[in-house]
Amino acid sequence: MLEVGTQAPDFELYAAPDQKVKLSQLNVKKVILAFYPADWSPVCGDQMALYNEMLQLFRKQNAVMVGISVDSKWCHQAFSLDRKLHFPILSDFEPKGAVAKLYQVYDEKEGECKRALYLIDEDGIIRWNYLSPVDINPGADGILEALDEMNKK
Amino acid sequence: MAKLKPPISNKDHIQGNPEASVELVEYGDYQCPYCGQAYPVIKSIQAKMGDKLKFVFRNFPLSEIHQRAAYAAVAAEAAGFQDKFWEMHDILFENQRNLQDEDLIKYAEQLNLNMKKFQEDFRNREYREKVESDFESGVRSGVNATPSFFINGAKYEGSLENMVHHLENLIYPSAKG
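If you read the protein sequences in the order shown, they are chains A and B. Every number in our numbering is 1347 more than the matching position in the first sequence, counting from 1. Every number in our numbering is 645 more than the matching position in the second sequence, counting from 1.
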């Protein structure tokens, strides 16, 4: 993974079929980048469904959540509608996994993103990172602790 | 290892022996089918372990995918104020598909609650905040799915089927050899 204390590389990806976003645009706030393998995991244990319930908690810490997987923008749109997600999930689709590779969290064998988290501050510096076993939803205790720690200073 | 934060306190709903040395905490969602499946398993564990076990239920409603879950949670908290938390908890898990407002009111009537008080409490911000604070404590404790269980403060990652053996081993460590 990219190291804590280093600059987070900027990128631009589709957030919706007709809308692209840049990290630098989101980065007026703290940004949590959640790379995950694929849309459509079972509902009650789904990482994105959990984060979706936590947006208010992230907002309190002046942070925004962004999901990233290699699924297409149309797949993301359907997933997002089905799960009623209220935060962007970005499509690292073409060239496939380019941003995941840039952030050193691409699984070449599966052709998917690994399950990895980055917390980036308002200056675009990586302040915390975490790589989870691919079959384990890392939850959000680590993210909240890292945000608490950042906001203390 | 994920740890229960905060530990069990008098703000929690406790069933069984409050002095028991084995503590089981569930973070659950009344509309979640997996929590519904866990409900009778927990009941059988409680029956088997009797006063050796303390059981606590904390709310973890995934409101966007289970739109009635938070309302059901508030109804149970409001019933709790009238000392009927566990009765309502049981009714809700036994009727997971029927959690509309009119259903919740019907259950409150079945429990002979003071309906004026219940209706007031159901809309009371205080009970919603209790549910939200349970949720936040769950997230901070490392809850990543429902149901999630904590045994003596540590997150239990095993299966529901093995839970009873795990709990019994805590009481009779020699039994396993």
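For the record, the hints were derived by calculation from the structure and aren't laboratory data. Do not take every clue at face value.
[Claimed, not checked] Derived Cβ-Cβ restraints for the label pairs, each shown as a range:
1. B:Q682 / A:M1348: 34 to 40 Å
2. A:V1481 / B:N807: 21 to 27 Å
3. B:S804 / A:E1496: 31 to 37 Å
4. A:G1352 / B:K751: 24 to 30 Å
5. B:A692 / A:P1356: 54 to 60 Å
Here a beta-carbon is modelled for each residue, glycine too, at the ideal position from N, C-alpha and C.
May I ask you to test the hint 31 to 37 Å on the CB atoms belonging to S804 (chain B) and E1496 (chain A)?
-> holds (34 Å)
Should the hint that V1481 (chain A) and N807 (chain B) are 21 to 27 Å apart at their CB atoms be regarded as holding?
-> holds (24 Å)
Measuring from beta carbon to beta carbon, are Q682 (chain B) and M1348 (chain A) in 34 to 40 Å?
-> Between Q682 (chain B) and M1348 (chain A), where Cβ atoms are some 37 Å apart, the hint holds.
When you take the CB atoms of A692 (chain B) and P1356 (chain A), is the distance between them in 54 to 60 Å?
-> holds (57 Å)
Assessment of proposed distance window 24 to 30 Å (beta carbons of G1352 (chain A), K751 (chain B)) = Once the Cβ atoms are compared, 58 Å apart, the range 24 to 30 Å for K751 (chain B) and G1352 (chain A) is violated.
In summary, the one numbered hint that this structure violates is 4.
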